[in-house]
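Chemist: These are the residues of each chain, in order.
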Amino acid sequence: MSLDIWMRENPLSYIWIGSYAVAFLIFAIEIAMVVHKRKITLQQVRLMREADESEEG
Amino acid sequence: MAINWFKYSAPTTFYGLAGKLIPWFAISAAVLCMVGLYIGFVVAPADAQQGEFYRIIFIHVPSSILSMFLYLIMAAYAAMGLIFNTRLSSMMASAIAPTGALFAFISLWTGALWGKPMWGAWWVWDARLTSELILLFLYLGFISLHASIDDPRRADRAAALLAIVGSVNVPIIYFSVQWWNTLHQGSTIKFTGTSMHIAMQQAMFTMLVACWLYAITVTLMRVRSIILERERHTKWITELAEVKS
Amino acid sequence: MNKLSLFSLLILVVRRDLVLAMRRRADVLTTLIFFVMVVSLFPLGVGPEMDMLRKMAPGVLWVAALLASMLSLGRLFSADYLDGTLEQMLLAPQSLSVLVLGKMASHWMVSGLPLVLMTPVLGLQFDMSIEAIAVLILGLLLGTPILSMVGAIGAALTLGLRGGGVLLSLLVLPLCIPVLIFGTGAVEAVTSGLSVSSHLSLMGALLVLALAFTPWVTAQALRISME
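Residue numbers (this note's numbering), protein chains in the order written: chain A, 1 to 57; chain B, 1001 to 1245; chain C, 2001 to 2227.
Any given hint could turn out to be false.
Stated by the list, open to error - A few chain B residues facing chain A, derived, Cβ under 7 Å:
1. G1051
2. E1052
3. R1055
To be verified - With a straight-line cut-off of 27 Å between C-alpha atoms, the simulated DSS-like cross-links for lysine-lysine are:
4. B:K1235 with A:K39
5. A:K37 with B:K1244
6. A:K37 with B:K1235
7. B:K1020 with A:K39
8. B:K1244 with A:K39
Simulated from the structure, these hints should not be mistaken for lab results. Cβ atoms here follow ideal geometry from the backbone N, Cα and C, with glycine treated the same way.
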């Protein structure tokens, strides 16, 4: 009940905390995951390349 | 200068092109998002009926629109990959799926937060809400099927078939849910009738474009990782500057 | 070898699968027992008020039928896949779609039809009226084949995967929502004195659509999974 009253008194904080903050947090997490994935993949590819080179050399 | 577009449908060239484009998309997404929020929160007036609460739509409506369009685009890419056997299309399909699912989730979440002050309930079994939930399920099915098949080629093709079946089913599901909803109860609140202020429209449109640009940015970043992973045995990958260093 | 007509091929596949199912009667019974048990758990969960149970009955029975048919879908292709029969079927000169249709039909006879036959008893448990039970059975008769056919697509896509059973439900259940809506809608219409023909015609239309497309799609899915 108290949440009901609070949201009616502070509609802007309600939508900012409830919707926009959550949405931007999700976007931030997604970007972080994508960047992390790229880092990991690059690392793997580099390792493979080094392994190939040492085999040849 | 004539550009050969087909050149960019090969992963080799697309990888470089995407790398060059990503910063531009990312910057314009961020700028437009700021502009959209400024118009939406400072310029646009409060709504006569809904007060300040309506301002949720600047994130809610774009994410709903995106979640639906991204599914169609994903299914189209998947179908292209299945029919013409183009590698890049299948990679694009699997790169779009997580972003689409997240937009569907954001749409549901913000919808619930809008529903609480407006309808007095976090969740209403409204036709649109229910369809959005089912859309999220379809995304999750695509992602988990793709993830549980080890062979990437089989994963691409199986998930593509599922996406096509899903997109054929979406109209049937939407129609049946609407039917079901009218059977149980009339829709309580409709948007029609309340004319939107011009600034509200501008804010919503700007946010929509920003969300599109964001989705493109993340998809391109993801598809670059997928290309690197899938093509790691090829020569051009080992000669890339970022791999060599 | 004589060239088989499509129809006799269909009969052949159905008969073969039915014989195989009769050798493992326990599997068939498990599905049925699961269905009865899920339905009987609901009154224990929500309380014994007859008014509420009567209203819930079509939904409960349909959802239970949906879950029960998911249970047996995993076995649709897996036995043939493991002993190599499926590979032979893919290589056979006969149409794979027809073979698949035969397997769908026998799957429905083994796992769908018993549920339909069991429904009157369970309907009485929920104090449903005779007309409501009749409409429910009609809806199930039209709807459970669709579940088998749409489920077959999922079964073909998840063939041989680890954790296939749960994944299968995740893929197939959202696609089955229209069937659930029209099936329960028909019963609701008859209890409130409305005409049921629109619901049942729509269900029939879905059945025709499914008959036309799902065998071919399932055949494609099998080819993807087996290559």
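Chemist: Give a verdict on every hint.
Modeler: Here is how each hint holds up against the structure:
1. G1051: With a minimum Cβ separation of about 6 Å from chain A (threshold 7 Å), the hint on G1051 (chain B) holds.
2. E1052: Holds. Min distance 4 Å.
3. R1055: With a minimum Cβ separation of about 6 Å from chain A (threshold 7 Å), the hint on R1055 (chain B) holds.
4. B:K1235 with A:K39: Given pair K1235 (chain B), K39 (chain A) holds - Cα atoms ~20 Å apart, limit 27 Å.
5. A:K37 with B:K1244: holds, 18 Å
6. A:K37 with B:K1235: With a Cα-Cα distance of about 22 Å, the restraint between K37 (chain A) and K1235 (chain B) holds, given a limit of 27 Å.
7. B:K1020 with A:K39: holds, 18 Å
8. B:K1244 with A:K39: holds, 14 Å
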